[in-house]
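Peer 1: Please take these sequences and the hints and turn them into a complete structure.
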Amino acid sequence: MRVKVWAVLLGLVVIFQSDALMGWEKSKLDSKLDEKDPLLTENQGRQMEWVDSVFETNSFEERLGQLFMVAAYSNKDEKHTAEISKLVTEQNIGGLIFFQGGPVRQANLTNYYQSISKMPLFIAMDAEWGVNMRLDSIIGFPKAMTLGALPDEDLIYEMGKEIAYQFKELGMHINFAPVVDVNSNPNNPVIGYRAFGEEKHLVARKSLAYMKGLQDNGVMANAKHFPGHGDTEADSHYTLPVIKHSETRIKDIDLYPYRELIENDLMSVMVAHLHVPSMDSETNKATTLSRYVVTDLLKNEMNFKGLVFTDALNMKGVLNNLKPGEVDFNALLAGNDVLLYSQDVPKAKALILQAISEGKISQEEVDEKIRRILKAKFWAGLDQKKPIETYKLAERINRPEAALLVEKLYERSITVTSNKDNLLPLKHLDMQHFASLTIGGDGAAFQKKLDKYAKFDHFDISKGSDEGSLNDLASKLKEYPTIIIGMMGITNTPKRNFGVSMSDFEFIKKLSEEKDVILVVFGSAYSIKSLPEISHNIVAFENNTITQNLVPEIIFGARDAHGLLPVSVNLTLRQGTGGYLEGLGRLAYSIPESQGLDSRKLAKIDTIMANSIAKKAFPGGVVLVAKDGQVVFEKAYGYYDYNKSKPVSTETVYDLASITKILATTQAVMFLESRGMIDMDKPIGRYVPELRNTNKEHLILKDILAHEAGLVAFMPHYAKTVEAGQWKPEYYKAVAEQSFSLPVSNDMFAMNSLRDSIWAWTVNSELRKPEHNKRKYSYVYSDLTMYLMQALVEELTNQPLDEFLEQNLYGPLGLYTMTFNPVNKYSIDLVAPTEDDVAFRKRQIQGYVHDPGAAMYGGIAGHAGLFGKANDLAVMMQLMLNGGKYADVEFIDEETVHEFTKRQSTQSRRGWGWDKPEPEKGKGGSAGDLAPKSTFGHTGFTGTCVWADPENDLIYVFLSNRVHPYAENNILLKDRIRQEIHDVIYQAMDK
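Going by the numbering used here, the letters in the sequence shown line up with residues 32 to 1022, in that order.
Hints in this document: simulated from the structure, not taken from any laboratory. Note that CB positions come from ideal geometry on N, CA and C, so glycine has one too.
No more than 25 Å apart at the CA atoms, straight line, and that leaves these computed lysine to any residue pairs for SDA-like: (1) Lys391 / Asn351; (2) Lys423 / Asp637; (3) Lys964 / Gln1018; (4) Lys933 / Ser957; (5) Lys458 / Pro843; (6) Lys354 / Asp311; (7) Lys330 / Thr314; (8) Lys486 / Glu682.
Simulated restraints, written as ranges between beta carbons of each label pair: (9) Glu721 / Ser676: 43 to 49 Å; (10) Arg77 / Asn601: 52 to 58 Å; (11) Lys526 / His459: 39 to 45 Å; (12) Glu1011 / Pro801: 35 to 41 Å; (13) Lys759 / Glu982: 50 to 56 Å; (14) Asn674 / Glu721: 43 to 49 Å; (15) Thr725 / Gly914: 34 to 40 Å; (16) Glu264 / Ser676: 57 to 63 Å; (17) Glu921 / Glu1011: 35 to 41 Å; (18) Thr522 / Asp497: 17 to 23 Å; (19) Gly914 / His459: 17 to 23 Å.
Peer 2: Right under this line is the structure:
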């Protein structure tokens, strides 16, 4: 007897342990779930009162329609609308599931259908990655597999919250998401990228976050496809897939996420069209129609108290030998509550009524389903009629907060799966020669963003190109040690290896044997299962403008990488591969809201620029704003000229004029000072021998840079070289000769010694007289300052100024368009024209420096001559805000930066070389009135300015060619347009 008792007890222990090992913790669930009803609201009394009221005021046949939801479209004709209207009014259907269309069209139809319905309609959508999955004009979110790569779930919750907002704006109540299938089969043709991953715990965590994001914000979530569609090789839209796993395995793996969600108040489940012999042995019996699966397993064993929806009843996987209406009836008998995508409501209702009369199902069982549907409608707010407001509907849904969230989701999903020798993020830009290659699709955004960081030559080729084309390409790529490849044409289905050609893989493999190849997969991670190990590989999961823009930022260290592979690709790339890769702090690119600015307020810049161009303050320009290391606003406006010959782009290069002083000459001086090569309290004659025994010998460096050294404001050097408005032949020729090779403009060459003459004129110039009874000179802004400082730099470095800057700053920073004499470096078409110089050069100036003195100096002068695009200026100013450090490289000592950029005198607002706002409160001077006094920067005569604010880590760049076609145009200055835009930026920061 005692033996038998112990045997029984031992058996019970084994059973309990088995259940626990499977995660089937029934004892834990029983106590919580038996009493749990996720459809109940806090105001249960009001809820049940409303349910009873609606229930009692409709006959059973009228109530019966609540079991059905039919498909609706907002892109179909009036005939479709009439068909839906008839079902609403005559069959009293419970709801609609909307598919393709547009937001306003759908909203108008929803308002109409709700107005003619006796009982309020559930409005639902299968919107796994947001409303964009079905409607045009709406922002979309990443697919589930992309989200599976996220290292945590916080952003997925926020996504659920934002999608709930989209639904609320559209008057919708149920989202048929999340997909909780554990995608254990890489060849799954219907789930794949729609699943979070292959591991049950990961899927459960991500699904739960999405569910809570929806339900916490008033939209019913729906977990699908029960009991698990993750290991199929057939698509239930076209056939009935068979799941061959044991029930034990299914409960352990596939049902694990459902248990987790049910325990956390999951409100609805969708049953899949699958055949699972281990659960229902009837031949070709779809799980949707299986009483065991729907009622015994889901409702009873798993104690699910929410609503059970069928998958769409128009799918081939369930229809089999059943006709529309018949399949609905059989699904109801199996235990489903809501019959989705019904194709014959009247027939189904008739069959249900007949079954009740025949005792196959009781009216009480049907009414119980209807009551729960009504409870859910109260939860969704359908006890109150609230028409959808269609005014600016798409604009409300596409709010900046949504765009920022989408960016964050994609950013944190991008996964670096291999990084041999820590090549990534890329460093030492001046020592590399880059090429990019896109295979199988449009990679324009990807390649354009790469150009933000370094000089690239770009190539593209079609998928599966012939051997000759690949050999030709290989020959062209020989000169490039570093090649970044974007795989673009990847599909989401396993057919034909996800759209990837094996010949392309072989080409990449061969290329990687000789080069540093960085492969970026813009699509399914499964696509590279056949690719041999690549030393540097990044998976972006999807191909769109967002991922194409983000990946280069990770490659160059503007952003950190975080992603982890949610699935195993091959024996090397297993689930969990990837992880954190720290960036270098280069400038990143985002939207204003990412750094706390209001894009709606910044939109005023568009108006100011449009008005300025209209009144001909300038023909075009670029405005850039960076905050906290991210460019959050970068827009181009207008054209190169008033003839509108070419539109301005953010890549347009401008003559920076006096910004040369701070981003060229002063940078070089700071470089020298931070290395102890000069002392700002010493006279310049100590460093420049040619100034000894001149009136400049004892001028102190700090006084020179503060414009308080007695130098005259300006010397019109060109006047010495012209007579009666014509060039003096001893100075210029229209055709280059051996002794006339110094280009001043196109078809204008100066004598080779002209630079020496200008320097001599500068050295021999008179000094101003100090004011009465003052030993120190007063402040007078002078271009001669930078002639002297250029000489100092070139003397101490034994290099021309432009070569020194290229070698020590611009090259290492990747600023390949920031240069002197751009005609020698890139196409003149990239450069905006300046003045039609009728007085001196007698021609339109484009690609040559506008300032006559700088032009006569060979285009490389300390006060003018530098060209660049807005992004170049932003990088330089970020270098300053970082205290002389950028991309983990220190270029200038932090104390030097601080000293040079602070106000240096009581006589003026200026620092050493740098301009600053006026010291008086409320006055900005050349800067905006709202800019803090710590701000530093400069303006340029051609219509440019750049300002950095260390208190707010803020950069403002304004580029224009206001001197085109005539330099006398001073509307920009008179109307204080640059300052007005500067103030708008601060207004956009104001909370």
